[in-house]
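Chemist: Here's the letter readout for the chains.
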Amino acid sequence: MSTFRLEIVTPERKVYEKDVNMVVVKGVAGELGILPHHIPLVTPLKVAPVKAKIDNKEEFIAVHGGFMEVRKDKVVILAEAAELGADIDVSRARLAKERAERRLAQKQADINHQRAEMALQRAISRLESVGDNKE
Amino acid sequence: MAKGMREIKRSIKSKQNMKQITKAMEMVAAAKLRKAQEAAVASRPYADKMKEVVSSIASGAGGSKHPMLQSRPIKRTAYLVITSDRGLAGGYNANILRKVLLTIKENHHSPDEYAVFVIGRKGRDFFKRRNIALVDEITGISDTPKFSDIKEIAAKAVQGYEAGTFDELYLAYNEFYNAITQVPKLKRLLPLDQMQAGGDKADYEYEPSAEEVLNVLLPKYAETLVFSAVLEGKASEFGARMTAMGSATKNATKMISQLTLTYNRARQAAITQEIAEIVGGANAQQ
Chain A
773 MSTFRLEIVT
783 PERKVYEKDV
793 NMVVVKGVAG
803 ELGILPHHIP
813 LVTPLKVAPV
823 KAKIDNKEEF
833 IAVHGGFMEV
843 RKDKVVILAE
853 AAELGADIDV
863 SRARLAKERA
873 ERRLAQKQAD
883 INHQRAEMAL
893 QRAISRLESV
903 GDNKE
Chain B
856 MAKGMREIKR
866 SIKSKQNMKQ
876 ITKAMEMVAA
886 AKLRKAQEAA
896 VASRPYADKM
906 KEVVSSIASG
916 AGGSKHPMLQ
926 SRPIKRTAYL
936 VITSDRGLAG
946 GYNANILRKV
956 LLTIKENHHS
966 PDEYAVFVIG
976 RKGRDFFKRR
986 NIALVDEITG
996 ISDTPKFSDI
1006 KEIAAKAVQG
1016 YEAGTFDELY
1026 LAYNEFYNAI
1036 TQVPKLKRLL
1046 PLDQMQAGGD
1056 KADYEYEPSA
1066 EEVLNVLLPK
1076 YAETLVFSAV
1086 LEGKASEFGA
1096 RMTAMGSATK
1106 NATKMISQLT
1116 LTYNRARQAA
1126 ITQEIAEIVG
1136 GANAQQ
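As given, the protein sequences belong to chains A and B, one line each in that order. Here the working numbering is used: the first sequence runs in plain steps of one and ends on residue 907. Here the working numbering is used: the second sequence runs in plain steps of one and ends on residue 1141.
Quick caveat, the hints were computed from the structure, so don't treat them as lab data. There could be a bad hint or two in this list.
Said to hold, decoys possible - Restricting the straight-line Cα-Cα distance to at most 30 Å, the calculated cross-link-like pairs of lysine-lysine (DSS-like) are:
| no. | chain 1 | residue 1 | chain 2 | residue 2 |
| --- | --- | --- | --- | --- |
| 1 | B | K906 | A | K825 |
| 2 | B | K906 | A | K844 |
| 3 | B | K930 | A | K869 |
| 4 | B | K906 | B | K890 |
| 5 | B | K1001 | B | K878 |
| 6 | B | K960 | B | K1006 |
| 7 | B | K930 | A | K786 |
| 8 | B | K904 | A | K823 |
| 9 | B | K878 | B | K906 |
| 10 | B | K1001 | A | K823 |
| 11 | B | K983 | A | K786 |
| 12 | B | K890 | B | K874 |
| 13 | A | K846 | A | K798 |
| 14 | A | K818 | B | K1001 |
| 15 | B | K887 | A | K786 |
| 16 | B | K930 | B | K906 |
| 17 | B | K1105 | B | K868 |
| 18 | A | K825 | B | K904 |
| 19 | B | K864 | B | K887 |
| 20 | A | K869 | B | K1011 |
| 21 | B | K868 | B | K1006 |
| 22 | B | K983 | A | K844 |
| 23 | A | K798 | B | K1001 |
| 24 | A | K818 | A | K844 |
| 25 | B | K1105 | A | K818 |
| 26 | B | K983 | B | K960 |
| 27 | A | K790 | B | K878 |
| 28 | B | K1001 | B | K1011 |
| 29 | B | K868 | A | K798 |
| 30 | B | K906 | A | K786 |
| 31 | A | K844 | A | K825 |
| 32 | B | K930 | B | K1040 |
| 33 | B | K960 | A | K818 |
| 34 | B | K874 | B | K1109 |
| 35 | A | K790 | B | K904 |
| 36 | A | K846 | B | K1001 |
| 37 | B | K1001 | A | K869 |
| 38 | A | K846 | B | K904 |
| 39 | B | K1001 | A | K790 |
Next comes chain A alone, as it looks inside the complex (with noise of 0.2 Å):
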């Protein structure tokens, strides 16, 4: 099968960079599937986990917006924060989004709104990417 890189960069450094078979991201427009060689593309992305599938294994990045640029033989994802499934402390994602969730229920100022609203995407992001997400 047909590979191509995949490469989530942050401010801070380069979370992961590895040959994968396709990569299916959240886009502010809706859900995106990239194979190789697809057209180059520029597109915001949501606060969502970005799948990579590599052979028959599949591994969760959670990245916290940013965007995404595809390239003929590269994928790349800028986000302000990335984290790899397996660094993400399960319990403490668990404890943000019920304190995202418990600020929401008490609506608050709209900016207070806003910042939690964005935590729990974060939170929530975050917990799929563990494949923690029952409830």
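Take the given structure of chain A and dock chain B to it, following the hints.
Modeler: Relative to chain A, chain B alone:
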């Protein structure tokens, strides 16, 4: 004479203590400088990539009518000043603050014409003492800054520009050349310079549209530039501190050797005098 000697001895002792401290600070700064440089290098791929994509869109079909790419008449200028939390770094903070203050005094007549954002305790105290109001401040940034540390202030500055609160944004920081040279620099961040089309121009598809991608990317790009400046500022800070502490250590060594010389002279003089007294006493008895 004995009293003078004791004083000299005490002075030597205190200089030795001082030297130990400055020596330790120098070594700590050297270690941190290396880390800061590594962080600056690690952040480069992100910034480069960002620049590449932004310029390829901006120079491409987008037409670049985005407000962040266009200059407008300047009524109010914002400055984002990057300083350190701690002193003992030679001219690091003084240089950059002097430059900003001079620029402000030269170009603006009333406080309504400028706004100041500041990172670092030294800068904050400096402007507070001069009764210059700060729009936002951040202190206590770690020695290895995270993007999330400065995200808030950077976003605020960029949003202020977008909202039209001010019409240009300058970034003031110490540019890092090497461990002994740091140059205070005032760089215009917004509006972004018209970017040149890069060499390998890929014809991208934009999802949903070039305009919208640009809307998301440009603020992020500006924030990234702020982050790079912060990292460079950190590297400069440690470089400046290392150099300052290095020369302090050297000065201490010099003073100690001079004082030791004086001390030995005094000691010899005291001995000579004592012998002279004994000889004098013995002669008198004969």
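Chemist: Take the hints in turn and mark each one as holding or not.
Modeler: Results of checking the hints against the structure:
{"no.": "1", "hint": "B:K906 <-> A:K825", "verdict": "holds, 29 Å"}
{"no.": "2", "hint": "B:K906 <-> A:K844", "verdict": "holds, 19 Å"}
{"no.": "3", "hint": "B:K930 <-> A:K869", "verdict": "violated, 44 Å"}
{"no.": "4", "hint": "B:K906 <-> B:K890", "verdict": "holds, 24 Å"}
{"no.": "5", "hint": "B:K1001 <-> B:K878", "verdict": "holds, 29 Å"}
{"no.": "6", "hint": "B:K960 <-> B:K1006", "verdict": "holds, 29 Å"}
{"no.": "7", "hint": "B:K930 <-> A:K786", "verdict": "violated, 41 Å"}
{"no.": "8", "hint": "B:K904 <-> A:K823", "verdict": "holds, 22 Å"}
{"no.": "9", "hint": "B:K878 <-> B:K906", "verdict": "violated, 41 Å"}
{"no.": "10", "hint": "B:K1001 <-> A:K823", "verdict": "holds, 25 Å"}
{"no.": "11", "hint": "B:K983 <-> A:K786", "verdict": "violated, 39 Å"}
{"no.": "12", "hint": "B:K890 <-> B:K874", "verdict": "holds, 25 Å"}
{"no.": "13", "hint": "A:K846 <-> A:K798", "verdict": "holds, 18 Å"}
{"no.": "14", "hint": "A:K818 <-> B:K1001", "verdict": "holds, 21 Å"}
{"no.": "15", "hint": "B:K887 <-> A:K786", "verdict": "holds, 21 Å"}
{"no.": "16", "hint": "B:K930 <-> B:K906", "verdict": "holds, 28 Å"}
{"no.": "17", "hint": "B:K1105 <-> B:K868", "verdict": "holds, 16 Å"}
{"no.": "18", "hint": "A:K825 <-> B:K904", "verdict": "holds, 24 Å"}
{"no.": "19", "hint": "B:K864 <-> B:K887", "verdict": "violated, 35 Å"}
{"no.": "20", "hint": "A:K869 <-> B:K1011", "verdict": "holds, 26 Å"}
{"no.": "21", "hint": "B:K868 <-> B:K1006", "verdict": "violated, 47 Å"}
{"no.": "22", "hint": "B:K983 <-> A:K844", "verdict": "violated, 53 Å"}
{"no.": "23", "hint": "A:K798 <-> B:K1001", "verdict": "holds, 25 Å"}
{"no.": "24", "hint": "A:K818 <-> A:K844", "verdict": "holds, 23 Å"}
{"no.": "25", "hint": "B:K1105 <-> A:K818", "verdict": "violated, 55 Å"}
{"no.": "26", "hint": "B:K983 <-> B:K960", "verdict": "holds, 16 Å"}
{"no.": "27", "hint": "A:K790 <-> B:K878", "verdict": "violated, 45 Å"}
{"no.": "28", "hint": "B:K1001 <-> B:K1011", "verdict": "holds, 17 Å"}
{"no.": "29", "hint": "B:K868 <-> A:K798", "verdict": "violated, 67 Å"}
{"no.": "30", "hint": "B:K906 <-> A:K786", "verdict": "holds, 17 Å"}
{"no.": "31", "hint": "A:K844 <-> A:K825", "verdict": "holds, 18 Å"}
{"no.": "32", "hint": "B:K930 <-> B:K1040", "verdict": "holds, 22 Å"}
{"no.": "33", "hint": "B:K960 <-> A:K818", "verdict": "violated, 44 Å"}
{"no.": "34", "hint": "B:K874 <-> B:K1109", "verdict": "holds, 10 Å"}
{"no.": "35", "hint": "A:K790 <-> B:K904", "verdict": "holds, 18 Å"}
{"no.": "36", "hint": "A:K846 <-> B:K1001", "verdict": "holds, 27 Å"}
{"no.": "37", "hint": "B:K1001 <-> A:K869", "verdict": "holds, 22 Å"}
{"no.": "38", "hint": "A:K846 <-> B:K904", "verdict": "holds, 13 Å"}
{"no.": "39", "hint": "B:K1001 <-> A:K790", "verdict": "holds, 25 Å"}
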